[in-house]
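Here the protein sequences come in this chain order: A and B. So my numbering is basically just the index in the first sequence, starting at one, shifted up by 2. So my numbering is basically just the index in the second sequence, starting at one, shifted up by 896.
Any given hint could be a false lead.
[As the list claims (entries may be wrong)] Taking lysine-lysine pairs in the DSS-like style, the calculated list, with each CA pair at most 27 Å apart, reads:
1. B/K980 <-> B/K1068
2. A/K147 <-> B/K899
3. B/K942 <-> B/K899
4. A/K147 <-> B/K1196
5. B/K1145 <-> B/K973
6. A/K147 <-> B/K1198
7. B/K1194 <-> B/K1092
8. B/K1198 <-> B/K1167
9. B/K1042 <-> B/K1196
[Stated by the list, open to error] On the chain A side, residues computed to face chain B include the following (Cβ under 10 Å):
10. G64
11. D67
12. G90
13. D91
14. P153
Hints are computed from structural coordinates only; laboratory data are not their basis. Just so it is clear, the structure is predicted and the values come from calculations on it, not from any experiment. Cβ atoms here follow ideal geometry from the backbone N, Cα and C, with glycine treated the same way.
Take a look at the letters that make up each chain.
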Amino acid sequence: MTAMADTSSSSTKAKKKRKKGFEPRIVSFCCNWCSYAGADLAGTSRMQMPPNVRIIRVNCTGRIDPSFVLDALAQGADGVLISGCHPGDCHYTSGNLKMRGRFVLLESLVEQAGFDPRRVHLQWASAAEGDVFRDGVTAMVERIKELGPNPAREED
Amino acid sequence: MTKRVAFAQLTSCWGCDQSLVDLHFRLLDVLPELEIVYWPAVVDYKLKDLEALPDDSIHLGFVEGSCRTNEDLHLLKTMRKKSKLLIAWGSCSCYGGVQGLGNQWPIEELVERKFLQADSVTDPRIPESNMPGFLGIVKPNPAHVKFEMVLPGCPPTSDNTYDVVEALLTGKPFDLPERTVCDECPKEREDKHIVKFYRTHEGKIDPNKCLLDQGYLCLGFATIGLCGAQCPTVNTPCKGCFGPPPSVKDHGAKIISALGAVAEMSPEELKEAFPDPIGSFYFTDYAASYLSSITAKKRKEKEE
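Given these sequences and hints, build the entire structure.
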């Protein structure tokens, strides 16, 4: 019924192996109107960036419930990157501002629970800013590589 | 035919029993239908009496409280074995309860704080002989064993428990409602434009208007409507003790989601307004949250 799933055991051996050649798995929520188009632009412009990010398109960052982020982390995502329109540019006028409000609360909640808040990140990238999206992804992957695997991640 | 009932108390305040006894004379309506086979809070039964019963011999087993010690877990498993229908009774049983907030710290730290460092302690020692031993983390009871029914509440009102018992006796269906406390609240609501949050002792509450509209953190919007909006009716903001409606998986995340939409404040102000988000947003159900399950996995990994 609730989020608390039973914790199953996993082998230590496989975990050690994973730490060695660690490639983070990052979930990214991109809004349809700015960042998803920005990511598309980065792709069509053949900009190089690490392939660790799985993009999920949402209509607006305002659609992202904080439980999506927590669910992703509980299922073992090493990081969650949220990318939306710049403040003032939202296609729906204020969805990104709502996300910004939620994000600060989510960040302080995650931090209080003893989980590194750097695993969750919010950035703005417009449809014209393929380079900003690329830089954001590159920085995120570097940051997560430094932090190591998500301790809640189960074996593959 | 009378139904055989058992009430088991795990780690809890036993407030659910209090709430049940508060039925007063209405108890007389249901008592003739019930045969109490185990209820240590009221009748002098011991654990061995419960263990001596044949398997599946209890028609209705009510479990109150959460598992903090190995003894609690043993009692819960025994109840499961002896009962045909097991009911998670109260928020502790459904979600882990207030004691679930302890999941923020490792058990060693909690034990030290309680038995060695508390200001009132004069002879600091950790009791060990004849003790059942603690569990590392509090989980909701449905994560330990299967339950047929859950009834949240801290405590469930006398009427809630009465309704459940009545439904079980007559075979009527009983489902948790999707409505929230706001749906039951008599206060007048307007469009929400919150520019500042107040603590309950600050300012003066207008008794006719919605508490959240006035800037008091009333969690009725994210809390299941079973209690009849007892607290908001008397101008006390809802603390969310009944947990979320059944379709919501994480109470705190839903609260944050709603607050982000109605608060017209800068991110810094919003962050400052809630210095203790876990305590504010997960009063009785932190043990059932995503973050608690992440913490559980994290500690397990450290042990390996």
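Here's how the hints hold up against the structure:
no.: 1; hint: B/K980 <-> B/K1068; in the structure: 17 Å, holds
no.: 2; hint: A/K147 <-> B/K899; in the structure: 60 Å, violated
no.: 3; hint: B/K942 <-> B/K899; in the structure: 20 Å, holds
no.: 4; hint: A/K147 <-> B/K1196; in the structure: 22 Å, holds
no.: 5; hint: B/K1145 <-> B/K973; in the structure: 25 Å, holds
no.: 6; hint: A/K147 <-> B/K1198; in the structure: 19 Å, holds
no.: 7; hint: B/K1194 <-> B/K1092; in the structure: 36 Å, violated
no.: 8; hint: B/K1198 <-> B/K1167; in the structure: 31 Å, violated
no.: 9; hint: B/K1042 <-> B/K1196; in the structure: 23 Å, holds
no.: 10; hint: G64; in the structure: 8 Å, holds
no.: 11; hint: D67; in the structure: 5 Å, holds
no.: 12; hint: G90; in the structure: 14 Å, violated
no.: 13; hint: D91; in the structure: 17 Å, violated
no.: 14; hint: P153; in the structure: 4 Å, holds
Going down the numbered hints, you'll see the structure goes against 2, 7, 8, 12, 13, while the others check out.
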